[in-house]
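Undergrad: Residues per chain are reported as follows:
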Amino acid sequence: MNNVFVYCEIEGTTVAEVSQELLTKGRKLANQLNVELHAIVAGTDIKGKVEDQILPYGVDKLFVFDAPGLFPYTSVPHTDILVNLFKEQQPQIALMGATVIGRDLGPRVSSSLTSGLTADCTQLEIGDHTDAKTGTEYSNLLYQIRPAFGGNIVATIVNPDHRPQMATVRSGVMQKAIYEGACKKEVVYAEVGKYVSPEAFVVKVLDHHVEAAKHNLKGAKIVVAGGYGMGSKEGFDMLFELAKVLHGEVGASRAAVDAGFCDHDRQIGQTGVTVHPKVYIACGISGQIQHIAGMQDSDIIISINNDPDAPINKIADYVINGTVEEVVPKLIKYYKQNSK
Amino acid sequence: MSLKIVVLAKQVPDTRNVGKDAMKADGTINRAALPAIFNPEDLNALEQALRLKDTFPGSTVTLLTMGPGRAAEIIREGLFRGADGGYVLTDRAFAGADTLATSYAIATAIRKIGEYDIILGGRQAIDGDTAQVGPQVAEKLGLPQVTYAEEIISLDEKTRKVVIRRHIDGGVETVEAPLPLVVTVNGSAAPCRPRNAKLVQKYKRALGAQEKAAITKDGAALPYAELYEQRSYLNLVEWTAADVNADLEQCGLNGSPTKVKTVQNIVFQAKESQTLTSSDADVDGLVKELLDKKIIG
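Line by line, the protein sequences give chains A and B. Under my numbering, residues 799 to 1138 are what the first sequence spells out, in order. Under my numbering, residues 16 to 312 are what the second sequence spells out, in order.
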């Protein structure tokens, strides 16, 4: 009863990084609430292959559902697992990735349990709440903090009366870390037939094709990001060159992606990847709120812009007033000279 | 085989083009400064519906939208592109609904429509970006769902199963699902066809009851009033909570488990920054400084 649950999503027998990030966050919340952290994983032939990817993140109890038809993911069987397990276990908080799977599964589960769900949270905190109308006081609620209205406002959402309090979080927003403290690490191999009826397998996956990520933007120590100010797809070539010499990755603002200068999977911001590099070099990026939300936690921010009033300059540590065409080749040149 | 197709569509403020005047000083949204548009991915869904209608003549496409009276605009836009009719679900009781209460209202309206083989909607609306209402409607109607759809590839008339290509993280998937079914359509699907000139002529004067009331509220006469008696299709249908037999406890703010505690305008902490020029000396100096501090290298 009353524990924190994290749904772990998998590709084959590999646990998604976002799930591990949520386990780390879930552990913190569980410690704050003085309850246990429980995890759920469902797939096919996963027994013995996924436990070690989940338990080290501070899990007290892991529920494994291993049966034919549970991978690739389809909506109804996974919904049945969560709904029936939650009815039995009565968690107070349930977290999952704001991925295609999490955003397919979360709403279906919340509808079935009539519990509130907040999508794409960027922060999760524990706090108190007083209902403005009734004056009823609630303690230790989950504050689900998310941007809204295209990123122009940030809203704090609470679910005072319904459990579990459900939230999805995008990949890269939380940081994963192996848990050093003590936890029970118990594993339960659940009897799938008790949770899922044979009729649940109505949707058949005929073909499932996933390509390995072409880059590691999310984990990069140095990010060179280009905006609409790069002017063209060719303009991005020099950013790839700079990223190469610095051993970094190339990212882009939404405006640059929309203009076709760069692939969508390199988009940084609220609707893209969130990055936490040591150095973020913003090239020709004006700095819309929705972009800044995805990179503001960078240690050092360097902005190269010919507009001294570009909003991103306000949060930059170094502002270079100049055109990218002039400055980026110089960065490459002097890095090569000085790093020898 | 003919299909009964329902398309869920929402009128949304255009959050992609938010100007400086869109936010009020107190951090709330100045809705009047934002144009109301047809939610982009709902247009992708409408296109998939119209393609099914093209493939299976005799099929009907019915739009369903929830919002204020002016959301009848959504129905008109759909009619201009080839939809057969639509309903505006509009009632103060629906105000303040979160996704769960919204899906409840929509599911009850779909039950009122009665016959449906496939329910299509956009993956998500750009004012909330939650992607929750589609799956929640599916659950409430006890139907399977396929989200993030990019194309309805085929529909087998005998088995009544559809094959759909959908986007997944890092790839694509092809799935087969039985009708009736809820499908949410991704923005990467085919764009919606443009308005059809003949249909625009036919439906341009179509109005909902609240729109008519807004025109006549100061005693003005309704232009072409006789047309609305002669051509019933020009009267866009509005449904209230009572019309769809909705339980008021499950509607609007009452039926919403999530509550907005606070809303804040985003203010980023300004840093004390060092300003450099693009001169060789400045760039060289910066690179040396970063290397010395072991920030790069």
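Check each hint, because a few of them may be wrong.
To be verified - Quick list of the computed label-pair ranges, beta carbon to beta carbon: (1) B:307 x A:799: 47 to 57 Å; (2) A:929 x B:289: 46 to 56 Å; (3) A:938 x B:296: 26 to 36 Å; (4) A:1035 x B:209: 28 to 38 Å; (5) B:209 x A:938: 45 to 55 Å; (6) B:279 x A:924: 44 to 54 Å; (7) B:262 x A:1107: 23 to 33 Å; (8) B:286 x A:1061: 27 to 37 Å; (9) B:173 x A:938: 21 to 31 Å; (10) B:279 x A:830: 43 to 53 Å; (11) A:1030 x B:296: 45 to 55 Å.
Keep in mind that the hints were calculated from the coordinates and are not lab data. Bear in mind the structure is a predicted one, so any value in this text is a computation, not a measurement. Where is the CB? At the ideal position from N, CA and C, for every residue including glycine.
Undergrad: Does each hint fit the structure? Answer for all of them.
TA: How the hints compare with the structure:
A beta carbon spacing of about 56 Å between residue 307 (chain B) and residue 799 (chain A) agrees with the range 47 to 57 Å that was offered as a hint. The hint said 46 to 56 Å for the Cβ distance between residue 929 (chain A) and residue 289 (chain B), and at roughly 48 Å that hint holds. Range check, residue 938 (chain A) to residue 296 (chain B): about 57 Å between beta-carbon atoms, so the 26 to 36 Å window is missed. Checked against the hint of 28 to 38 Å, the pair residue 1035 (chain A) and residue 209 (chain B) passes, with Cβ atoms roughly 36 Å apart.
Roughly 53 Å separates the CB atoms of residue 209 (chain B) and residue 938 (chain A), a value that falls within the hinted 45 to 55 Å. Look at residue 279 (chain B) against residue 924 (chain A): about 19 Å separates their beta carbons, and that is not inside 44 to 54 Å. One distance hint, 23 to 33 Å for the beta-carbon pair residue 262 (chain B) and residue 1107 (chain A), is violated here, with the actual separation near 54 Å. At roughly 30 Å, the beta carbons of residue 286 (chain B) and residue 1061 (chain A) sit within the given window of 27 to 37 Å.
At about 56 Å, the beta-carbon gap between residue 173 (chain B) and residue 938 (chain A) misses the expected band of 21 to 31 Å. A beta carbon spacing of about 23 Å between residue 279 (chain B) and residue 830 (chain A) contradicts the range 43 to 53 Å that was offered as a hint. The supplied range of 45 to 55 Å is broken by residue 1030 (chain A) and residue 296 (chain B), whose beta-carbon atoms lie about 29 Å from each other.
This entry does not satisfy hints 3, 6, 7, 9, 10 and 11, going by the numbered hints stated previously.
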